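The listed protein sequences derive, respectively, from chains A and B. At position 46 of the first sequence (counting the first as 1) the number is 67 in our numbering, and the numbers step up by one without a gap. At position 123 of the second sequence (counting the first as 1) the number is 144 in our numbering, and the numbers step up by one without a gap.
Be a bit skeptical, because a hint or two may be false.
Intra- or inter-copy, both count: the list cannot distinguish identical chains.
[As the list claims (entries may be wrong)] Each computed EDC-like pair below joins lysine to aspartate or glutamate, with the alpha-carbon atoms no more than 20 Å apart:
| no. | residue 1 | residue 2 |
| --- | --- | --- |
| 1 | K41 | D125 |
| 2 | K139 | E26 |
| 3 | K139 | E97 |
| 4 | K41 | D141 |
| 5 | K41 | E85 |
| 6 | K139 | E87 |
| 7 | K139 | E58 |
| 8 | K129 | E58 |
| 9 | K41 | E26 |
| 10 | K129 | D46 |
It is worth saying that the hints were derived from the structure and are not from the lab. Please read these numbers as outputs of a predicted model, since none were measured by experiment.
Protein chains: 2
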Amino acid sequence: MPSAEQISQTVRSYLEALSKGSAEDAAGLYADDATVEDPVGGEVHIGHHAILGFYGNLAGSTLEPELVTLRALGREAAFLWRLVVRNGDSGGVRIEIISVMTFDEDGKIASMKAYWSKDDITPL
Amino acid sequence: MPSAEQISQTVRSYLEALSKGSAEDAAGLYADDATVEDPVGGEVHIGHHAILGFYGNLAGSTLEPELVTLRALGREAAFLWRLVVRNGDSGGVRIEIISVMTFDEDGKIASMKAYWSKDDITPL
Numbered sequence: 022m023p024s025a026e027q028i029s030q031t032v033r034s035y036l037e038a039l040s041k042g043s044a045e046d047a048a049g050l051y052a053d054d055a056t057v058e059d060p061v062g063g064e065v066h067i068g069h070h071a072i073l074g075f076y077g078n079l080a081g082s083t084l085e086p087e088l089v090t091l092r093a094l095g096r097e098a099a100f101l102w103r104l105v106v107r108n109g110d111s112g113g114v115r116i117e118i119i120s121v122m123t124f125d126e127d128g129k130i131a132s133m134k135a136y137w138s139k140d141d142i143t144p145l
Numbered sequence: 022m023p024s025a026e027q028i029s030q031t032v033r034s035y036l037e038a039l040s041k042g043s044a045e046d047a048a049g050l051y052a053d054d055a056t057v058e059d060p061v062g063g064e065v066h067i068g069h070h071a072i073l074g075f076y077g078n079l080a081g082s083t084l085e086p087e088l089v090t091l092r093a094l095g096r097e098a099a100f101l102w103r104l105v106v107r108n109g110d111s112g113g114v115r116i117e118i119i120s121v122m123t124f125d126e127d128g129k130i131a132s133m134k135a136y137w138s139k140d141d142i143t144p145l
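The task is simple: from the sequences and hints, build the whole structure.
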């Protein structure tokens, strides 16, 4: 069972993968049969191929994630974070997100749900 | 299916029930077969009787909840909030909590998970 420290570190690695724009790094943190629901209520992406595709869609944007506050408990993490998304010269937006992850025995992300809607988006 | 507005209102009613110190009001927001895991990783309270008992344990403390930020999506809510707990003249603490709720068809709370640990407690 992963420790709270390992889980916290994986959350940080996740945000780092986003800031590097690396779909491979982000998807690599997930278990093979993991699920991603981002935003909650939208499509659920299941398995490595679908999750890699989901993060691949972010290519072309510059992402600046910032962790606000994190809880790591048992095999779960919940965190509030901000994501600044910049698209070339056309400005950008800041999204305030609450994310919840569960983890498997090996410390891989088993599921991720991101709670945000258009109400949480601020133009920059 | 409950609307985002209904779900947001139920979260507010929940915090109001805590501020009134009413275990009945808090437990009354839950479905009969609901589950409460507070904090995550601890005991899971299942069903009305157990949930009423859980909130009954808070009697004797003065609770001052404050909603920081709320997401209501589909049949779920995630919110960051602060809870000041005062025990007579012996001071008190502030706990910063991320809570996640799911809701049933009728808008009752089907499950609640509260993410916090001793690291999120500040003495006042």
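Run through the hints listed earlier and report the numbers of any the structure violates, in increasing order. 1, 4 and 9
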